[in-house]
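Trainee: Chains as they are written, first to last, in the numbering used here: chain A, 66 to 576; chain B, 87 to 301.
Simulated from the structure, these hints should not be mistaken for lab results.
Just so you know, these numbers come straight off a predicted model, no measurement behind them.
Just to be clear, a hint being listed does not mean it is correct.
What the hints assert, rightly or not - Just some of the chain A residues that point at chain B, by a computed CB distance under 8 Å: (1) 122; (2) 126; (3) 128; (4) 136; (5) 140; (6) 141; (7) 142; (8) 144; (9) 198.
Cβ coordinates follow ideal geometry from the N, Cα and C atoms, glycine included.
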Amino acid sequence: MKFSEIKIKHKIVLLVMLISSFVLVLSGAALFGFINYNMKNRLAQEMLVDSEVLSNNCNIALAFNSKDDIEKTLDFLRSKKSIVYAGIYDSQGVLFGRYFGPDQDFSVVPAELKPEGYYFTDDYLTVYKGIVLDEEIIGTLVIRSNLDPLYRVTKSVMAGTVVILIVGLGLCYLLSIEFQSIISSPILKLSVAAKKISQSKDFSVRVLVHSGGEIGELIDSFNHMLEQIQARDEALIDANQTLKDEVAQRMKTEQGLIEYQEKLSKSNQELQDFAYVASHDLREPLRKIIAFGEILIETLGPKLEEDDKDSLELMIDGANRLNNMIEALLTYSRVTTRGGNFESVDINKVVEELKNFELSVRIEETNAEVVMPETLPCIEGDPTQIRQLMQNLIANALKYQKKDTISKVEIGSSDTKDGMVRIEVRDNGIGIKENQAGGIFAMFKRLHSKQEYEGTGIGLAVCKKIVERHGGEIGVESTYGEGSTFWFTASKCRDENVKEIIVTASQESRE
Amino acid sequence: MAVIAENKKQLVAICIYTLLAMAIVTAVAAEDNQQYSRRREYRIKAEFLYNFFKAVEWPKESIPEQSEPIAIGIVGRDPFGDILKPLKKKTVKGRKIVVRYFDDPNQPEDSNELTVDIHEIKKCQMVYVCSSQQKQMKELIGQIKGLPVLTVGEIKGFADAGGVINFVSNKEKPIFEINMLAAKDSNLKVSSKLLRIASRVINAKGNWGKGGTDK
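With the rest of the complex left out, here is chain A (with noise of 0.2 Å):
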């Protein structure tokens, strides 16, 4: 197990036994060094008393050769159990005069004699000492002790600091053991509270731990954020239900939106299916009423009183007006029921066939110009409805001419920002004044009396709705007396948008 994985109880426990045996053994290793340093030298200053009584109490009968003499000053040595070897030197290092210890053991003698001092070997403390008289040193004197002194005393302060040792780690332990909870248990407490926390995912939870220092404020800190998490929790929780309310109350409204929706295309359905029926059942008595009034004019003609006759033709012309604008209802309804499919349309085509087709007579008894300073671009679209479209609005700039004045027409196009195309019908006409522009495309809008211009009212309105069939939008620019400008937008058509990358591509690869 690495240490890093052990409980920190343990770890704290560890750490301090750890370092407690160390100072142990360490200062039992000093002080055993100290003591037993402290033995040697005792020892040695002992013997070196001794050595110094022993020497002075042996010169003269060393200098009067009486063996008998020293050997009863040595037997002095009788005393010290420790001493096992005493000889007396002469000055030439001959034996003189010698003591053994108790064990009488002959092998102690050492082999040579030394300087004066004291000589510790692994067995022995030996000390040799000069014997003086008159100053004149007449020989040596060699004590030699074993060490069991220093033994016994190592010994037993060998015994002493183990059993210190035992004690002290023990002590250690025991303590370490009831401290370490100071440090371990408002970790601990921390630790299961976050644990608790993680699993249970309730940040309404405090540690309630008094500790100081760094352990107290990581306490704190974590009550802290616990209380910024459950506030958060709190304020999202808030903000869901709010949410929540919201999509409700927005689903509700949309539901009652669909229903809405459905039941309005269901009426505008009706509407449409009525209006065209009734468009198309009303024109069947209307042409009934025209052809016979023409019958009537013809068959009648001469007898016909003047007054009879022009009543007769206000007739016919009513119902012709009114066969017109069921024509235009028609064609505005049909406009979403008929429409058929997209596909690109040559705007160009579509111009020139207007001015050689529909639009000639008019063209020619005007003598109107249509012009188109550039070529026109490709649009998607119904190719029916937008040549009806475009009709409408050359017819339109070729209508509302001022008398005398030749109508000019130009059809122009540019690009939107939003990637679409503008087509633009210019004219020269009479304008509209500002504030008539907002109604402009309202269905029976019209801005001039039946004599003035002819119309159904309804030309205008069915552009805009064949332009927003197209998704676009459509409008009006206008100087009162100058001229105005009419203009939808359009998607371009797609192969045209083709063309248009390869030719940016070709252009690219040239430069």
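Once you have looked at the hints, place chain B on chain A.
Mentor: Here is chain B on its own, set in the frame of chain A:
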């Protein structure tokens, strides 16, 4: 038989000669041996004399100046000869040693009278009384008594007569006896360690006659 007798005579003669030669050799050897042991004895005595200087303390005033030598006086017929020569090279108590001889060759052996210069003797720190002075030793001791002079003798009864140290003849090696009362009278301090070595210590009136014969 005659031949045998002749041979016998010859044999006896050879034996006699041989024995004679052996006897002569032995005698010469014995004479040599005696000479040798006597020399050895005096060499040791000389060493002892030197060591007595060390083992005994004189009163300060009786010790000469540092530059002056310590004197040992040999009174009587000098038995040391050249043995004392090395002594002259040694120092004791930081001073050189000088040996002075006081001997009157004309002095009759029986006379108790002192014929040597007693005044000069008194100036010595140690006086060695030779065996030739057996008759005069009492007179000498009497003259020196009370002075800080260490008297050393080799005469039986010398210590009992009031001499401080006396060599007692011994086959093995010289030993000595000490008269502590005499030492005290002479103001000399004799080391107790010396006393331990001494064969006899006289330190009470009662001991005086113990080891030797008075008169």
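Trainee: Sort out which numbered hints this structure fails and list those numbers smallest first.
Mentor: Of the numbered hints given earlier, those the structure breaks are 4, 5, 6, 7 and 8, listed in rising order.
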